[in-house]
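K.L.:
As given, the protein sequences belong to chains E and Y, one line each in that order. One gets my numbering by counting positions in the first sequence from 1 and adding 2 to each. One gets my numbering by counting positions in the second sequence from 1 and adding 5 to each.
Honestly, I wouldn't trust all of these hints.
The calculated lysine-lysine pairs, modelled on DSBU-like cross-linking and capped at a C-alpha distance of 35 Å, are [said to hold, decoys possible]:
(1) E:207 with E:234
(2) Y:52 with E:98
(3) E:234 with E:173
(4) E:173 with E:127
(5) Y:52 with Y:25
(6) Y:52 with E:173
(7) Y:9 with E:173
(8) E:207 with E:127
(9) E:98 with E:173
(10) Y:227 with E:207
(11) E:126 with E:98
(12) E:98 with Y:79
(13) E:98 with E:207
(14) Y:52 with E:207
(15) E:127 with Y:52
(16) E:126 with Y:52
(17) Y:25 with Y:9
(18) E:207 with E:126
(19) E:234 with Y:52
(20) E:237 with E:207
(21) E:237 with E:173
(22) Y:52 with Y:9
(23) Y:9 with E:207
(24) E:126 with E:173
Derived DEER-like restraints, expressed as beta-carbon distance ranges [unchecked claim]:
(25) Y:8 with E:159: 18 to 24 Å
(26) Y:76 with E:122: 34 to 40 Å
(27) Y:35 with E:52: 25 to 31 Å
(28) E:79 with Y:7: 33 to 39 Å
(29) E:127 with Y:52: 57 to 63 Å
Don't read these hints as lab results, they were simulated from the structure. We put the beta carbon where it would ideally sit given N, CA and C, even for glycine.
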Amino acid sequence: MCASSVIPGTTLGATRRIRPISGAATGQLARQRPAQPVALTEAEAIRLAQAGNAAAFEFLYQLHGRRVYALCLRMVGNPADAEDLMQEAFLQLFRKIGTFRGESAFSTWLHRMTVNVVLMRLRKKSLPTDSLEETLEPDAENSAPKRDVGAPDLRLTGAVDRVNLERCIEKLPPGYRTVFVLHDVQGYEHNEIADIMGCSVGNSKSQLHKARTRLRELLQEELRQQAREERKAAKSPTGSLD
Amino acid sequence: MHCKELESVLEAEGLGQLSKDARLHLATCGSCQGLLADFNSITEAAKSLPAEVNPPDRIWISLRAQLEAEGLIKEPVEVSEKASWWESFAAAWKLRAFAAVTAAALVVAAAVYVKRVPLNGGSDTAKKQTPVESSRTSQTQLAAVPPVTAVPANTAPTKESVPPKTKELAPSPSESASFTLNQAELDVPNMQLAGNSQVDTALRQNLRTLNAFIAECELRLKQNPQDELAREYLYTAYQQKSDLLAAMMESGRGDN
Numbered sequence: 003m004c005a006s007s008v009i010p011g012t013t014l015g016a017t018r019r020i021r022p023i024s025g026a027a028t029g030q031l032a033r034q035r036p037a038q039p040v041a042l043t044e045a046e047a048i049r050l051a052q053a054g055n056a057a058a059f060e061f062l063y064q065l066h067g068r069r070v071y072a073l074c075l076r077m078v079g080n081p082a083d084a085e086d087l088m089q090e091a092f093l094q095l096f097r098k099i100g101t102f103r104g105e106s107a108f109s110t111w112l113h114r115m116t117v118n119v120v121l122m123r124l125r126k127k128s129l130p131t132d133s134l135e136e137t138l139e140p141d142a143e144n145s146a147p148k149r150d151v152g153a154p155d156l157r158l159t160g161a162v163d164r165v166n167l168e169r170c171i172e173k174l175p176p177g178y179r180t181v182f183v184l185h186d187v188q189g190y191e192h193n194e195i196a197d198i199m200g201c202s203v204g205n206s207k208s209q210l211h212k213a214r215t216r217l218r219e220l221l222q223e224e225l226r227q228q229a230r231e232e233r234k235a236a237k238s239p240t241g242s243l244d
Numbered sequence: 006m007h008c009k010e011l012e013s014v015l016e017a018e019g020l021g022q023l024s025k026d027a028r029l030h031l032a033t034c035g036s037c038q039g040l041l042a043d044f045n046s047i048t049e050a051a052k053s054l055p056a057e058v059n060p061p062d063r064i065w066i067s068l069r070a071q072l073e074a075e076g077l078i079k080e081p082v083e084v085s086e087k088a089s090w091w092e093s094f095a096a097a098w099k100l101r102a103f104a105a106v107t108a109a110a111l112v113v114a115a116a117v118y119v120k121r122v123p124l125n126g127g128s129d130t131a132k133k134q135t136p137v138e139s140s141r142t143s144q145t146q147l148a149a150v151p152p153v154t155a156v157p158a159n160t161a162p163t164k165e166s167v168p169p170k171t172k173e174l175a176p177s178p179s180e181s182a183s184f185t186l187n188q189a190e191l192d193v194p195n196m197q198l199a200g201n202s203q204v205d206t207a208l209r210q211n212l213r214t215l216n217a218f219i220a221e222c223e224l225r226l227k228q229n230p231q232d233e234l235a236r237e238y239l240y241t242a243y244q245q246k247s248d249l250l251a252a253m254m255e256s257g258r259g260d261n
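Using the sequences provided together with the hints, build the complete structure.
P.N.:
Structure (structure tokens):
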């Protein structure tokens, strides 16, 4: 029996938790919720974790760890840094779990912490060429990616694969990268992203559009580079032109 | 509409349903068609990227060690993944949340109890019996009741468990509530509860679930008559069953 088949208006809904609950994460994730057969609900685990229960900590870690790790990995591009950041994010979470009041979804709170940890680390490691300012503030005209209207475009249809895309995501400025990963990869809605990043919904949409525009440029450049290399390989002295 | 305006629309509204003006522009502008097609390719490719990645085990090991070192872990209690749903429900349910519902259930049970006049006033010894014992001893009064489809087997009357001197006692409130509800449930098997067979199935499944829960509560009380939590759950479950039966009868009609 699915919980949604409970008759509206009856109080049977109060007893539906007698069944083991799968996918106990709350929040409004658009897709790919973690599905685990568990005896605890997230709310119970939070309460127990606030009391120092080790198993509750582990439960919350197992429930959210995969998404947090995926986010860290896409933000920094290498597993070693991603592991450090994930551990740091969860450490902060568990240190502050006593202050969680349920005003936002727990996953949103955790992701907010994760994004802050990641952006802080990127700020510390920033190179002069990286534009960390392309984060939450409205971009100046000269820093936003531009589209040459009327210029011939290299169509990406059928040419975007995961490897190319991941490579290009790593090249995005941190702010664009964060919004793109949260929205297009992890499926968060703009209102959730705004909550995570502490910005407006309009800002989130704007950052996403700019991220996609920049990715398009990067991917087109990747395709051109691949085409050049293929042509070079075909013309090489050792190759034949049959 | 110009290309820059279309871009503003895409920025503000995303790639979903576009306005009529936007679609008109797209129909005639190859460059914007390319832009939209590329954005769609990017988002489709992004969806194929895993939203979750398994972290190495060492992260949790290291994290846990750090939590212990900082004194954030206070008790290494294991929570079994196979803990019964009863334990989950018991851990989650707060007494305060039960108060209003339990009060209503007790009123229902008390009202039924009051209507059934004690046969000879009862004795002091009988009054000190636990609800479970008194429900056992009053089983003989219910022996004439025809067996009910949904009554759990462990509450079936057992004549050999009835001490003779307590046969005259009135049923406990919980027994009375159970009897009343079981009587109401007698009509359910013959009813078409709703116009939609899926809803009908769901209603019956809900009733089976609730009956199973009631059986569990009754068993708990039988094993430990002092289990106040089980008693409160039971009364709440009776109330919920009452509500469910009322909803079922309102939404359906009898076949006979």
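K.L.:
Each hint should be assessed against the structure and marked as holding or not.
P.N.:
Here is how each hint holds up against the structure:
1. Simply put, residue 207 of chain E and residue 234 of chain E have alpha-carbon atoms about 40 Å apart, too far for the 35 Å limit, and the pair is violated.
2. Among the hinted pairs, residue 52 of chain Y with residue 98 of chain E is consistent with the structure: their alpha-carbon atoms are about 32 Å apart, no more than 35 Å.
3. Taken as a hint, the residue 234 of chain E and residue 173 of chain E pair is honoured in the structure, with Cα atoms around 25 Å apart against an allowance of 35 Å.
4. Taken as a hint, the residue 173 of chain E and residue 127 of chain E pair is honoured in the structure, with Cα atoms around 15 Å apart against an allowance of 35 Å.
5. Distance restraint check for residue 52 of chain Y and residue 25 of chain Y: the Cα-Cα separation of roughly 28 Å lies within the 35 Å cut-off, and the hinted pair is therefore satisfied.
6. Only pairs whose Cα atoms come within 35 Å are accepted, and residue 52 of chain Y paired with residue 173 of chain E is accepted, the gap being roughly 19 Å.
7. Taking the CA atoms of residue 9 of chain Y and residue 173 of chain E, the gap is about 25 Å. The hint holds against a cut of 35 Å.
8. This hinted pair checks out: residue 207 of chain E and residue 127 of chain E have alpha carbons roughly 27 Å apart, not beyond 35 Å.
9. With a C-alpha separation of about 33 Å, the suggested pairing of residue 98 of chain E with residue 173 of chain E holds against the 35 Å cut-off.
10. Proximity of residue 227 of chain Y to residue 207 of chain E is assessed by CA-CA distance (about 60 Å); at most 35 Å being required, the pair is judged violated.
11. For a cut-off of 35 Å, the pair hint linking residue 126 of chain E to residue 98 of chain E stands: about 23 Å separates their Cα positions.
12. Distance restraint check for residue 98 of chain E and residue 79 of chain Y: the Cα-Cα separation of roughly 15 Å lies within the 35 Å cut-off, and the hinted pair is therefore satisfied.
13. Only pairs whose Cα atoms come within 35 Å are accepted, and residue 98 of chain E paired with residue 207 of chain E is accepted, the gap being roughly 30 Å.
14. For the suggested pair residue 52 of chain Y and residue 207 of chain E, the alpha carbons sit about 18 Å apart, so the restraint of at most 35 Å is met.
15. Pair hint residue 127 of chain E plus residue 52 of chain Y holds up; C-alpha atoms about 29 Å apart against a cutoff of 35 Å.
16. For the hint linking residue 126 of chain E to residue 52 of chain Y, the alpha-carbon distance of about 30 Å falls within 35 Å, and the restraint holds.
17. Taking the CA atoms of residue 25 of chain Y and residue 9 of chain Y, the gap is about 16 Å. The hint holds against a cut of 35 Å.
18. For the proposed pair residue 207 of chain E and residue 126 of chain E, the alpha carbon gap of about 27 Å is at most 35 Å, so the pair holds.
19. Of the pairs offered as hints, the one joining residue 234 of chain E and residue 52 of chain Y holds, with about 33 Å between alpha carbons and a cut-off of 35 Å not exceeded.
20. For a cut-off of 35 Å, the pair hint linking residue 237 of chain E to residue 207 of chain E is broken: about 45 Å separates their Cα positions.
21. Under the criterion of a C-alpha separation no larger than 35 Å, the hint pairing residue 237 of chain E with residue 173 of chain E is consistent with the structure, at around 30 Å.
22. At roughly 27 Å between alpha-carbon atoms, residue 52 of chain Y and residue 9 of chain Y fall within 35 Å of each other, so this suggested pair holds.
23. Under the criterion of a C-alpha separation no larger than 35 Å, the hint pairing residue 9 of chain Y with residue 207 of chain E is consistent with the structure, at around 16 Å.
24. Restraint check for residue 126 of chain E and residue 173 of chain E: satisfied, since their Cα atoms lie roughly 17 Å apart, inside the 35 Å limit.
25. The hinted range of 18 to 24 Å is satisfied by residue 8 of chain Y and residue 159 of chain E, whose Cβ atoms lie roughly 19 Å apart.
26. In this structure the hint that residue 76 of chain Y and residue 122 of chain E lie 34 to 40 Å apart at CB is violated, the actual value being about 25 Å.
27. Evaluation of the 25 to 31 Å hint for residue 35 of chain Y and residue 52 of chain E yields a failure: the beta carbon distance comes to about 58 Å.
28. Checked against the hint of 33 to 39 Å, the C-beta distance between residue 79 of chain E and residue 7 of chain Y comes to roughly 38 Å, which is consistent with it.
29. For residue 127 of chain E and residue 52 of chain Y, the Cβ-Cβ distance of about 29 Å falls outside the hinted range of 57 to 63 Å, so the restraint is violated.
Taken one by one, the earlier hints fail for this structure at numbers 1, 10, 20, 26, 27 and 29, listed in ascending order.
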